[in-house]
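Generate the whole structure from the sequences, applying the supplied hints.
Protein chains: 2
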Amino acid sequence: MGEAFVIKIGGNIIDDEKKLFSFLESFATLSTGAAFVLVHGGGKSATRLAEKVGIKQQLVEGRRITDAETLKIVTMVYAGYINKNIVAQLQSRNCNAIGLSGADGNVILAHKRKATGGTDYGFAGDVDKVNAAFLNTLLEQNFAIVLAPITHDKNGQLLNTNADTIAQETAKALSVFYNVTLIYSFEKSGVLLDAEDDTTVIKEINPSFYEQLKSQQKIFAGMIPKLDNAFAALGSGVKKVIIGKAESLELLINGAAGTTIIQ
Amino acid sequence: MGEAFVIKIGGNIIDDEKKLFSFLESFATLSTGAAFVLVHGGGKSATRLAEKVGIKQQLVEGRRITDAETLKIVTMVYAGYINKNIVAQLQSRNCNAIGLSGADGNVILAHKRKATGGTDYGFAGDVDKVNAAFLNTLLEQNFAIVLAPITHDKNGQLLNTNADTIAQETAKALSVFYNVTLIYSFEKSGVLLDAEDDTTVIKEINPSFYEQLKSQQKIFAGMIPKLDNAFAALGSGVKKVIIGKAESLELLINGAAGTTIIQ
Chain X
319 MGEAFVIKIG GNIIDDEKKL FSFLESFATL STGAAFVLVH GGGKSATRLA
369 EKVGIKQQLV EGRRITDAET LKIVTMVYAG YINKNIVAQL QSRNCNAIGL
419 SGADGNVILA HKRKATGGTD YGFAGDVDKV NAAFLNTLLE QNFAIVLAPI
469 THDKNGQLLN TNADTIAQET AKALSVFYNV TLIYSFEKSG VLLDAEDDTT
519 VIKEINPSFY EQLKSQQKIF AGMIPKLDNA FAALGSGVKK VIIGKAESLE
569 LLINGAAGTT IIQ
Chain B
319 MGEAFVIKIG GNIIDDEKKL FSFLESFATL STGAAFVLVH GGGKSATRLA
369 EKVGIKQQLV EGRRITDAET LKIVTMVYAG YINKNIVAQL QSRNCNAIGL
419 SGADGNVILA HKRKATGGTD YGFAGDVDKV NAAFLNTLLE QNFAIVLAPI
469 THDKNGQLLN TNADTIAQET AKALSVFYNV TLIYSFEKSG VLLDAEDDTT
519 VIKEINPSFY EQLKSQQKIF AGMIPKLDNA FAALGSGVKK VIIGKAESLE
569 LLINGAAGTT IIQ
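Chains as they are written, first to last, in my numbering: chain X, 319 to 581; chain B, 319 to 581.
Since the hints were derived computationally from the structure, they do not count as laboratory data.
Some hints could be false.
Intra- or inter-copy, both count: the list cannot distinguish identical chains.
What the hints assert, rightly or not - With a Cα cut of at most 25 angstroms, we get these calculated BS3-like pairs of lysine-lysine:
{"#": "1", "residue 1": "506", "residue 2": "532"}
{"#": "2", "residue 1": "362", "residue 2": "557"}
{"#": "3", "residue 1": "430", "residue 2": "536"}
{"#": "4", "residue 1": "472", "residue 2": "336"}
{"#": "5", "residue 1": "447", "residue 2": "336"}
{"#": "6", "residue 1": "536", "residue 2": "447"}
{"#": "7", "residue 1": "362", "residue 2": "374"}
{"#": "8", "residue 1": "536", "residue 2": "521"}
{"#": "9", "residue 1": "532", "residue 2": "432"}
{"#": "10", "residue 1": "337", "residue 2": "506"}
{"#": "11", "residue 1": "337", "residue 2": "521"}
{"#": "12", "residue 1": "532", "residue 2": "430"}
{"#": "13", "residue 1": "472", "residue 2": "432"}
{"#": "14", "residue 1": "472", "residue 2": "337"}
{"#": "15", "residue 1": "532", "residue 2": "370"}
{"#": "16", "residue 1": "447", "residue 2": "472"}
{"#": "17", "residue 1": "370", "residue 2": "447"}
Now the structure itself:
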């Protein structure tokens with residue numbers, strides 16, 4: 319089995335052209351002759367555009383409530399502006415990138431999340447199936463795949479979907495064909511013992527250490543869904559999960575930086 | 319050599335959900351087991367969004383001047399909103415559609431149009447090359463391809479490109495692999511002798527008849543670039559060009575409606 323890498327880049331990287339270009343430079347070099355998938359979130363552009371056109375954004379526990387107008391905005395910004403600019407930047411670095419939403423080639427099938435506990439998330443999608451066979455044919459043709467966090471339900475409805483989840487589900491699905499490393503890259507150097515101090519990276523976390531860190535409240539709350547996702551991925555066939563700084567992609571892949579999550 | 323169809327749908331169809339869905343219904347049925355490419359323009363959504371966010375749109379001879387802010391808008395609307403909604407609608411009709419911009423898989427390479435005669439079109443792209451080999455691998459896997467009129471220059475720059483031209487260049491490039499029929503579909507029944515009367519469709523136009531119609535000023539000015547494109551396509555390997563009503567797609571393909579352009 320060959321190796322594949324599924325790499326999520328966080329919103330703060332997308333909003334910072336210098337950091338983004340540095341990441342894309344590494345991605346383009348490292349993906350030559352290898353199987354690479356990039357999953358991007360949205361950054362602040364969607365919120366800014368929504369403000370400009372006068373659509374009020376509502377967040378519940380960090381998740382955007384996707385009404386019909388907001389769905390339009392995120393489809394435009396994520397699947398259009400961000401996805402195509404990343405693809406064009408990779409193409410300029412001789413990386414044959416192809417950008418897809420979940421609707422394209424039925425790559426990611428999802429269903430509209432049911433309202434729970436009084437919260438209706440609107441057109442938010444929970445992933446049912448990632449079409450790994452098609453992704454594999456593209457990877458075998460040496461395309462680098464760039465996934466936007468927009469999915470569909472096969473009934474004509476586009477859905478806004480969490481990019482961390484898309485990365486996790488894609489990594490799991492590709493495990494049929496590859497030894498997959500899943501990388502969550504963002505602006506920090508890894509999982510930190512002190513959220514304010516970038517030198518306090520935890521090198522390795524296993525399940526019992528994770529429980530200990532949580533019970534001691536040493537894990538920054540925003541990191542918990544990422545780590546839960548990471549352990550779920552490892553439990554479903556993904557070989558390795560690494561969390562770290564987007565600009566250090568090569569070091570993350572070599573195990574020389576970031577936090578490695580192990581079972 | 320098998321047959322392929324490259325079909326451009328006009329902006330007025332995209333703006334009219336009933337007409338668009340009727341077209342997509344036919345497209346989904348007809349494209350089963352056949353090689354179909356859909357090229358869409360933008361309709362009025364881009365202009366509306368530009369107005370909402372306060373970007374002034376400037377047109378010279380019907381062509382939009384694409385400044386940096388306008389490029390953002392058309393990338394969002396064409397490659398994001400319109401392209402992904404068409405793909406999701408086709409997927410719901412069991413048509414395995416995949417939506418691409420010219421940057422994806424380096425499908426359409428273009429260069430920024432030079433300012434001529436005092437007019438700088440901004441980020442407008444003129445097509446250099448359509449990557450027909452990649453399109454062919456997708457068509458062979460039974461994907462229907464949906465092209466947005468956004469291209470790139472391989473230097474990281476996205477470019478706004480005329481959808482009629484993309485349809486023509488794609489039809490020409492695919493002629494290496496297929497007997498290609500190029501269809502320009504829009505809200506009228508074909509090339510009309512009387513622009514106000516939809517029953518005056520000209521069944522067939524050859525070059526000498528075209529010259530005659532032009533000299534008698536019987537061709538509506540807006541139709542001339544389309545017909546010039548049509549003859550150019552026929553001169554470059556495309557087998558047939560048909561102009562007619564989007565909702566009559568099956569009749570157009572069967573030669574039972576619309577205007578056929580012949581050499």
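Open item on the list: Reference check for the pair residue 370 and residue 447, CA-CA at most 25 angstroms: within, between, both, or neither?
Closed with: Neither: 35 angstroms inside a copy, 37 angstroms across copies.
Task: residue 430 and residue 536: within-copy, between-copy, both or neither at 25 angstroms Cα - done: Close neither inside one copy (34 angstroms) nor across copies (53 angstroms); limit 25 angstroms.
Open item on the list: Treating 25 angstroms as the Cα threshold, decide for residue 447 and residue 336: within, between, both or neither.
Closed with: neither (34 angstroms within a copy, 31 angstroms between copies)
Open item on the list: For residue 362 and residue 374, with the copy left unspecified, which applies at a CA distance of at most 25 angstroms: within, between, both, or neither?
Closed with: both (14 angstroms within a copy, 24 angstroms between copies)
- [ ] Please work out whether the CA atoms of residue 506 and residue 532 approach to 25 angstroms or closer within one copy, between two copies, in both situations, or in neither?
- [x] within (19 angstroms within a copy, 66 angstroms between copies)
- [ ] Please work out whether the CA atoms of residue 532 and residue 432 approach to 25 angstroms or closer within one copy, between two copies, in both situations, or in neither?
- [x] neither (29 angstroms within a copy, 60 angstroms between copies)
- [ ] Evaluate residue 337 and residue 506 at a C-alpha cut-off of 25 angstroms and name the case that applies: within, between, both or neither.
- [x] Within one copy only: 12 angstroms inside, 50 angstroms across.
TODO: Give the relationship of residue 362 and residue 557 under a CA distance limit of 25 angstroms: within one copy only, between copies only, both, or neither.
DONE: This pair counts as neither: shortest intra-copy Cα distance 32 angstroms, inter-copy 48 angstroms.
Task: Within, between, both or neither, where residue 536 and residue 447 count as close if Cα-Cα is 25 angstroms or less - done: neither (34 angstroms within a copy, 55 angstroms between copies)
Open item on the list: Regarding residue 532 and residue 430, is the shortest C-alpha distance of 25 angstroms or less found within a copy, between copies, in both, or in neither?
Closed with: Neither: 31 angstroms inside a chain and 54 angstroms across chains, both beyond 25 angstroms.
TODO: Have a look at residue 337 and residue 521 and pick one of within, between, both or neither, based on CA distance no larger than 25 angstroms.
DONE: Cα proximity of residue 337 and residue 521: one copy only (23 angstroms, versus 58 angstroms across).
Open item on the list: Within, between, both or neither: how does the pair residue 472, residue 336 come out at a Cα-Cα threshold of 25 angstroms?
Closed with: between (38 angstroms within a copy, 19 angstroms between copies)
The structure fails to meet hints 2, 3, 5, 6, 9, 12, 15 and 17 from the earlier list, while all remaining hints are met.
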